[in-house]
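> So you can see what is in the structure, the chains are spelled out below.
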Amino acid sequence: MLINGEEKALACPTALSELLTQLGYRTAFVAVELNGNIIKQTDFGSTTITDADKLEIVSFVGGG
Amino acid sequence: MISKEEINAALGKGLTQAQLDALHNARVAVVGLGGLGSNIAVALTRLGIAHLYLYDFDKVELSNLNRQYYFLDDIGQYKADALVKHLRQINPYAALHSQVIKVTEDNIPTLLGDCDIICEALDDAAGKAMLVSTVLSNWSNKKVIAGSGIAGFGKAEEITSKKITKNLIFAATATAIFTIYRSAVHASHSALCSRHCLPHALF
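Residue numbers (this note's numbering), protein chains in the order written: chain A, 561 to 624; chain B, 2 to 204.
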C-alpha cells in the first residue's frame with residue numbers, strides 16, 4: 561500500500577474510515593484519493609482498502 | 002465611462018490574445034468570501050477573469066477589516082453583496098454571479114456546475130474537506146484550488162502551492178495560487194517584511 565508516496569504494509573483488507581482513524585486522521589477533515597479517484601466522504605465506510613492500493617490523503621486545517 | 006475594451010486592455014496588458022481569451026472564457030468560483038476568498042476574488046478580477054461565481058452566507062463585521070477586502074461602509078452587509086461592489090470598481094464589465102448562500106453537498110451541483118475552477122476559501126476544516134471531496138468526486142474536469150493553515154503572521158516565503166492530485170492544487174494562501182500573479186505575492190512579502198521591521202514584532 562502506498563500512502564502519500566510512502567510504502568506501508570496492510571495486513572488485511574480494511575474499511576477506509578477505519579484505516580483513516582488508525583492513522584490518526586479525523587475523517588471529517590480529510591479528502592482521499594484512491595488509485596486516482598476521489599472518494600466521497602459518505603463512501604469512506606463502504607470503501608475497502610487492500611495492500612495493493614495507492615492513497616493520497618489531504619488533511620485540512622481551519623482558517624479562511 | 003471607460004469602455005469594456007479599455008478595461009480589458011488595461012487588465013490584460015502584456016498578455017497574448019490566447020492568454021486573454023483563456024482568462025475571459027474561464028468560469029471561476031470562490032467559495033467563502035472571508036480573508037482568503039475576498040482577496041482571491043480581487044486578485045482574479047485584476048488578473049482579468051471575467052466570469053466569477055461568489056458564494057458566502059455571512060455579513061461583514063468590524064473584526065474582518067484586518068485582513069478581508071472590505072471597508073467600514075460594508076459593515077452589516079452580506080459579503081457576497083459588498084464584494085461585488087468592490088470588484089465592479091476594478092472591472093464593471095465582469096459577469097459576477099454572487100449569492101448569499103451556504104455551500105453544501107446538496108447544492109454544489111447547482112452552484113458549481115458551470116465553473117471550471119473552484120477556489121476553496123472556507124474557514125472550517127470540515128467544510129473544506131466536504132467541498133474538495135464533493136467537487137472532485139462529482140466531476141473529473143474541474144480544478145480545485147484549496148487553502149489550509151493560512152492564519153498567522155509567518156513569513157510570506159513559507160507560503161507554498163503544490164499539486165496534490167490531477168485536479169487538486171493545495172495553496173496556503175490566495176496570493177500563491179497563480180504563479181503569474183507576482184505583484185500580489187510581492188505585495189504580501191512587502192507587507193510582511195514591513196511587519197518584521199517593526200519594533201516589538203509579533204514574530
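The set of hints was computed from the structure by calculation and includes no laboratory data. Among these hints, one or two may not hold up.
Derived Cβ-Cβ restraints for the label pairs, each shown as a range [said to hold, decoys possible]:
| # | chain 1 | residue 1 | chain 2 | residue 2 | range |
| --- | --- | --- | --- | --- | --- |
| 1 | A | L583 | B | E6 | 33 to 43 Å |
| 2 | A | P573 | B | A23 | 36 to 46 Å |
| 3 | B | R68 | A | N564 | 23 to 33 Å |
Ideal placement from N, C-alpha and C gives every residue a C-beta, glycine not left out.
> Which numbered hints turn out to be false for this structure?
1
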